[in-house]
Amino acid sequence: MRKTMIESLLRGPLTEKAPPVDETALAELAQSVERAARARLGRSLSIRHVDAGSCNGCELELHALSNAFYDLERLGLRFVASPRHADVLTVSGPVTRNMREALLRTYEAMPDPKWVVAIGGCAVDGGIFSGSAAIAGGVKDVLPVDLTIRGCPPNPRQLLAGLLALMQKAS
Amino acid sequence: MILSQTTVKVDGWLVAIDRLAGGSLTLLSLWADPPEVKMATLDEASGDINIITYVCRHNQYPTVGVKHPPAIRLERAIRDLHRLDAIGASDTRPWLAHTAAPYEFLGAEGEALHQIAVGPVHAGIIEPGHFRFTANGEFLVRLEERLGYVHKGIEALMAGAPLDKATKLAARASGDSTVAYGFAFALAAEMALKVAAPPRAIYLRALMAEMERLANHFGDIGAICNDASFSLMHAQCGILRELTLRAAETCFGHRLMMDVIVPGGVARDICEDGVTQLRVLLAEVRRVFPHLTALYDNTASLQDRTVTTGIVKPEYARQFGAGGYIGRASGRDFDARRRPGYAPYDTLKFDVPVLTAGDVNARVWIRIREVEQSLGLVEQIIDSLPDGAIMSDRPATGAGEGFAMTEAFRGDVLVWLRLDDSGHVARCHLRDASWFQWPLLETAVEGNIVADFPLCNKSFNCSYAGHDL
Numbered sequence: 001m002r003k004t005m006i007e008s009l010l011r012g013p014l015t016e017k018a019p020p021v022d023e024t025a026l027a028e029l030a031q032s033v034e035r036a037a038r039a040r041l042g043r044s045l046s047i048r049h050v051d052a053g054s055c056n057g058c059e060l061e062l063h064a065l066s067n068a069f070y071d072l073e074r075l076g077l078r079f080v081a082s083p084r085h086a087d088v089l090t091v092s093g094p095v096t097r098n099m100r101e102a103l104l105r106t107y108e109a110m111p112d113p114k115w116v117v118a119i120g121g122c123a124v125d126g127g128i129f130s131g132s133a134a135i136a137g138g139v140k141d142v143l144p145v146d147l148t149i150r151g152c153p154p155n156p157r158q159l160l161a162g163l164l165a166l167m168q169k170a171s
Numbered sequence: 172m173i174l175s176q177t178t179v180k181v182d183g184w185l186v187a188i189d190r191l192a193g194g195s196l197t198l199l200s201l202w203a204d205p206p207e208v209k210m211a212t213l214d215e216a217s218g219d220i221n222i223i224t225y226v227c228r229h230n231q232y233p234t235v236g237v238k239h240p241p242a243i244r245l246e247r248a249i250r251d252l253h254r255l256d257a258i259g260a261s262d263t264r265p266w267l268a269h270t271a272a273p274y275e276f277l278g279a280e281g282e283a284l285h286q287i288a289v290g291p292v293h294a295g296i297i298e299p300g301h302f303r304f305t306a307n308g309e310f311l312v313r314l315e316e317r318l319g320y321v322h323k324g325i326e327a328l329m330a331g332a333p334l335d336k337a338t339k340l341a342a343r344a345s346g347d348s349t350v351a352y353g354f355a356f357a358l359a360a361e362m363a364l365k366v367a368a369p370p371r372a373i374y375l376r377a378l379m380a381e382m383e384r385l386a387n388h389f390g391d392i393g394a395i396c397n398d399a400s401f402s403l404m405h406a407q408c409g410i411l412r413e414l415t416l417r418a419a420e421t422c423f424g425h426r427l428m429m430d431v432i433v434p435g436g437v438a439r440d441i442c443e444d445g446v447t448q449l450r451v452l453l454a455e456v457r458r459v460f461p462h463l464t465a466l467y468d469n470t471a472s473l474q475d476r477t478v479t480t481g482i483v484k485p486e487y488a489r490q491f492g493a494g495g496y497i498g499r500a501s502g503r504d505f506d507a508r509r510r511p512g513y514a515p516y517d518t519l520k521f522d523v524p525v526l527t528a529g530d531v532n533a534r535v536w537i538r539i540r541e542v543e544q545s546l547g548l549v550e551q552i553i554d555s556l557p558d559g560a561i562m563s564d565r566p567a568t569g570a571g572e573g574f575a576m577t578e579a580f581r582g583d584v585l586v587w588l589r590l591d592d593s594g595h596v597a598r599c600h601l602r603d604a605s606w607f608q609w610p611l612l613e614t615a616v617e618g619n620i621v622a623d624f625p626l627c628n629k630s631f632n633c634s635y636a637g638h639d640l
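Keeping their order, the protein sequence lines are chains A and R. The letter at position 70 of the first sequence is residue 70 when you use this note's numbering, and the numbering goes up by one with no holes. Position in the second sequence (first residue = 1) + 171 = this note's numbering.
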């Protein structure tokens, strides 16, 4: 163990510079984030993620945000285990009929102010699963969406750029 | 692969059920193409695969699940999706269809038992599903899973879909196995269309499949250790996973290599210096990974959590035909790359590691050994990558049936499909390895402490999306 740790120390950090803030995301957010909320949150956002029906591709890339290359937490963003602790709800996948209620309950359990980020093409409008009787639609058909991060799945840089835009606006 | 098809009356159906219950046949899948129900079986002695068709009378067929429990959830799914009833079934609760009626969980009787309900939304960034634990103090008496939360109706969307749309849907059955699904779907479609992918495409498919296996195994090994609070392994394995995904993006334009495999070949060739990039990746992994293996092996506090935890009994692995590291950690020597086998693996050298302990530790070791095998496979493939076309000139239309199995990182993926005269998908059935692995998780956690459930679950890493479809 010592050897692995020393080697990691000597190698220097793998962590890369954060990507520039996503300008389209900034524009999208201009209306949804109030001044009052900015003062309250500081430069830190807690994120609760719900997979509402994704293929798990988006989850793989959300996981990647915590690896040594992206190191999400250094930017003040962190995933939390409970909606009670969250400022932001990220949602992936089309919303299946079977997940609709669980998603709504998670949202309702979050304290105000709160934002919803739809992640991935399916979350925007159901994507390739549009038209299925088993889905309720995209996230916007169930919850008010403040920001969308497109991609199938969006890669970690795209995810970071979108979340950073949200944080810049929110703080 | 010797693949045969038989249509049977009630007698023949019952004979097949008895052979499944007796253990001479293994159930590969059970699905409906109304008014027919079909089961695919593997003859354990000869390796032959048989697809047995039974034509339902009054939307009913004799139950398989009563004598052969691995079929129970498949029968419940068939009822939900196609309204065909398994007559005599012991469990008629809905499975994929969630109704307003309260779900009746199975009971557990005894003093001082309490229930813990978890999910569908879990604490981490994972897929949704519900776990109902019954515990006596710290010890688990019973776990019952309730799945179906991410049911998107993929098979219904495929019915009538043009081949290109169906290919994309198959690639999104389970994102972590998108290559394996694309591979199996392409093979099945090619069997139906009677075309073959050119040699270069076949090798590129296997290259992507092995990179997918590497990325997932790195992720899993780290995540299992993380669930035992050993985050150093998680961080180090996360680096290897990221390097693999970046190499995949460089070579094939997508980190998960989604939509690259299509019926007839592959949609894009490996990038110009892709082979060089992969050699750099191989060298880095071979430099680092042995140290991580030693770290896992030499950390007593970690071994204390994984050894003898979450044991899958070999007889259950055999009965359920459990694939992947779950079966192979419990003595079931099965790998779809070997049996039924498919190109190009018949020309490549690799071992299929098998252990018998069946605990979390054994499932970690199977993954470690498979990483080593996949590194060898990637090297063999890039050393002998044939030149030439990457797509065959396939006809756009043609009716037919196809069947294929590929080995995803978590186990065998099975695809059966029927194309209509216009070349559209009339019916497609996808069966993830998870169908026969999820039930074994219920058996593996019995007698373990509640706090070890995440560890057991992560060592299984079953797919919710691939199961719920």
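Hints may be right or wrong, so weigh each one.
Simulated crosslink set (BS3-like; lysine-lysine; CA at most 27 Å straight-line) [unchecked claim]: (1) R:180 / R:238; (2) R:238 / R:484; (3) R:339 / R:209; (4) A:140 / R:484; (5) R:339 / A:140; (6) R:336 / R:484.
Hints listed in this document are in silico derivations from the structure and should not be mistaken for laboratory results.
Q | Hints that the structure is at odds with (numbers, increasing) | A | 4 and 6
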